[in-house]
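The whole structure should be built from the sequences, with the hints applied where relevant.
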Amino acid sequence: MILPTYHFQIRLQVVCLLLSIFCSRQIIAEEMSSPDANDTACIAHLDRGVMLMFQGETEAAINQLERAAELDPNRHEIQYYLAMGYTETELWNSTIDATTKSLSIATDDIESLYLQAKSYFNLGEWEMAESKLKRVIEQDPFHARALKTSGQTQLKLRQFAQATQSLIKASELNPFSTVIQYYLGMSYLNRKMYQQAITQFEESIRLAPGYAQPYHGLGTAYLRLGQREKGQSAMAEFQRLQKSSAEYERLSRLTQVDPDNVEAWTDLAHVSMESFNYQLAIKIFRRCLQYEPQNVSHHLGLSRAFISLDQPVPARRALFRAIEISPNEPILYNTLGSTYAMQGDVAKAIGSFQRAAELDPTQPYYHLNLARLYQQIGEQSLMQQHYRTYEKLLAEQMEEGPE
Amino acid sequence: MRLVPYLIFIILTWGWRGAIGQEMEMVKVPAGWFTMGHDNRGPDQRPAHRVYLDEFEIGRHEVTNAQYYEFWRSTGKNPAANFPDSIGNWPERALDNPQHPVVGISWLDAVAYAKWVGGRLPTEAEWEKASSGPVDRLWPWGNSPNPFANSWNGSDQYDNTIAPVGSYPQGKSYYGAMDMAGNVWEWTRDWYSDVYYSYSGNRNPTGPAAGSWRVIRGGSWIDDLNRCTTTMRLHLYPTLKLSFVGFRVIRSIELTNPLDQSDKPPVTIPPE
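Heads up: the protein sequence lines correspond to chains U and B, in order.
Heads up: the first sequence begins at 514 in this note's numbering, then just goes up one per residue.
Heads up: the second sequence begins at 587 in this note's numbering, then just goes up one per residue.
I should point out that these hints are in silico values taken from the structure, not numbers from a laboratory.
Values in this document were obtained by computation on a predicted structure and should not be read as measured data.
Where hints are given, some of them may not hold.
[As the list claims (entries may be wrong)] Under the rule of at most 20 Å between Cα atoms (straight-line distance), these lysine to aspartate or glutamate pairs were calculated in the EDC-like manner:
id	chain 1	residue 1	chain 2	residue 2
1	U	LYS796	B	ASP625
2	U	LYS614	U	GLU603
3	U	LYS796	B	ASP810
4	U	LYS614	U	GLU601
5	U	LYS796	U	GLU762
6	B	LYS663	U	ASP549
7	U	LYS682	B	ASP780
8	U	LYS796	B	ASP630
9	U	LYS796	U	ASP823
10	U	LYS647	U	GLU601
11	B	LYS663	U	ASP552
12	U	LYS682	B	ASP630
13	B	LYS701	B	GLU611
14	U	LYS682	U	GLU715
15	B	LYS701	B	GLU643
16	U	LYS614	U	ASP552
17	U	LYS682	U	GLU651
18	U	LYS669	U	GLU638
19	B	LYS614	B	GLU641
20	U	LYS861	U	GLU871
21	U	LYS796	U	GLU572
Structure below.
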């Protein structure tokens, strides 16, 4: 057999390609006939709905998804995303309706089943919730969210030993969830296993120090063990955080009713910081900045939230913006110095702290920061010099008393 | 008779698919360890853990309209969805914007295309290594929030719409892959589980054995830059065709690691 040359083969390929396209145009046209207008409109609404969900615009997303569902009620994905939207707006009965439709189309869609179970849980229908959750876990034994909700449901049903089992599995899969650790602690507490309960509550607090409930559990466990002092201390912390939480709730409601209330948003950001919820604080400070982009306090708050999350780079970016707006604000340079210090850039950190001290020579803590850095690099005399200044200024401040 | 040209075409162009694959520019990612996930960026990105991957090659760019158009025209299957009120209908938008990443394709469409060019979709681990490099980077280009990606309301040159692939050369990853942050989300091979990192294998992990959703990575023009990080994970039903989700293709060893489908306990993080 004679093998064609490379160029001949290419030419032949081109000819055959054109021939095949010509002959098959009709077939392709039939096969590729455009989908009907209804389908196109449905996909467009679904697309827009998911896009809005991604952007956190839940109510607008629900609107789009409802229109998609009207056009094609037989797509379980639409019903699922609709259910997700309802869940986010805490419309539990609507969630149950949407997931029921989703499950009638795709019977094995465990995420729809899970959302349905969660809705029953939130409606206080524990048995119903538990039966759905069992089905989810049967299908996916690694479904940590279902195991967690199942543990919570079993606690409600006073099935404490089962709750422990479910929550142990959930915590193995998700060892970073403060909520799982808390409920596991509660299951032990109800079983009078106080030492195990204390371990779980302490772990829960370690994971999220601003979450009030574990302090209550911890206090209860200590009190039941007769360790009065530790119990009272934990209870006092619980009350402090509860108060902060109540303030958070109040401000949340206020911002919902009046979303343009920047003062309320600002207070909410500060409460979030106080309760160690830095991720939330970042979101809220950003929201504040949408209203007041030139507000230095918001930029500073944002940078502090990033610093608390051990993220010096975005913290610095926020500070640079603040310095652009207000170039002579000493606190900004002090915070900037902290971001450099976090990354071990001692030279830049010293420069920033020095600038802060120049701008406000009466503030002792700028000198303390400088003293610490000089100590770090072995500059003993400079360290002592700044430490003495720090002590002197601090003493002066104490003499003057609070303003 | 009508089948004759088809047959001739198939026989003579048997190697052509390879040629299309070669046209697709690839970047090499050498074998080795990298840190996957992050402890502070989101619950489903925890824990940061060391993962070893064999060498692979990944598309420098997301698959374009032009490339997908060839596939669609050749097979007559897997058309992209129409979005008449936004980015336009298929195939007209492919002809108008051949260098835009293809969107409006489901995970199943993406898999079919990848198979057609002799590749496959990247696993989550492969995608993340190609994006973040051997050292942890918040964005493919590094840790500074520069406008080197097409994101929502970003100070980039595109006003909340799709950009042609490779429009942000400064945003390339350590290995040279482009647009791994922003522009369009990218389908990966893996099922999604929010707790997978707590029990995943540390050698060529391939995701959970089953699930409802497939993982998408990289963020898109509809997302804030903070959602376009190297470790950010989201998920979608594999049947969805959305105007902000595309994909890129990978060439590598076959994935045959059975350990990753087992129910083994969490692994120990290996040394550097």
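Hint by hint, here is what the structure shows:
1. A hinted pair counts as satisfied when its Cα atoms are at most 20 Å apart, and U:LYS796 with B:ASP625 qualifies at roughly 19 Å.
2. For a cut-off of 20 Å, the pair hint linking U:LYS614 to U:GLU603 stands: about 18 Å separates their Cα positions.
3. Our distance criterion of 20 Å between C-alpha atoms is met by U:LYS796 and B:ASP810, whose separation comes to about 12 Å.
4. Our distance criterion of 20 Å between C-alpha atoms is met by U:LYS614 and U:GLU601, whose separation comes to about 18 Å.
5. With a C-alpha separation of about 16 Å, the suggested pairing of U:LYS796 with U:GLU762 holds against the 20 Å cut-off.
6. Proximity of B:LYS663 to U:ASP549 is assessed by CA-CA distance (about 17 Å); at most 20 Å being required, the pair is judged to hold.
7. Proposed proximity of U:LYS682 and B:ASP780 is supported: the alpha carbons are some 15 Å apart, at most 20 Å.
8. A C-alpha spacing of about 19 Å is found between U:LYS796 and B:ASP630, which places the hinted pair at or below 20 Å, so the restraint holds.
9. Among the hinted pairs, U:LYS796 with U:ASP823 is consistent with the structure: their alpha-carbon atoms are about 16 Å apart, no more than 20 Å.
10. The suggested pairing of U:LYS647 with U:GLU601 is violated, with an alpha-carbon distance near 23 Å, which exceeds 20 Å.
11. Simply put, B:LYS663 and U:ASP552 have alpha-carbon atoms about 17 Å apart, close enough for the 20 Å limit, and the pair holds.
12. Restraint check for U:LYS682 and B:ASP630: the C-alpha separation of about 17 Å stays at or below 20 Å, so the hint holds.
13. Taking the CA atoms of B:LYS701 and B:GLU611, the gap is near 16 Å; set against the 20 Å cutoff, the hint holds.
14. A hinted pair counts as satisfied when its Cα atoms are at most 20 Å apart, and U:LYS682 with U:GLU715 qualifies at roughly 19 Å.
15. Distance hint between B:LYS701 and B:GLU643 is fulfilled; the C-alpha atoms sit about 15 Å from each other, no more than 20 Å.
16. With a CA separation close to 19 Å, the supplied pair U:LYS614 and U:ASP552 stays within the 20 Å bound.
17. Using a Cα cut-off of 20 Å, the hinted pair U:LYS682 and U:GLU651 holds, with the two alpha carbons roughly 14 Å apart.
18. Using a Cα cut-off of 20 Å, the hinted pair U:LYS669 and U:GLU638 holds, with the two alpha carbons roughly 10 Å apart.
19. In summary, the hint linking B:LYS614 to B:GLU641 is supported, as the alpha carbons are separated by about 7 Å, within the 20 Å threshold.
20. Annotation: proposed proximity of U:LYS861 to U:GLU871 holds, straight-line Cα distance about 15 Å (limit 20 Å).
21. As the CA atoms of U:LYS796 and U:GLU572 are separated by approximately 19 Å, the hinted pair is consistent with the 20 Å bound.
Comparing the model with each numbered hint stated earlier shows that hint 10 is the single one that does not hold.
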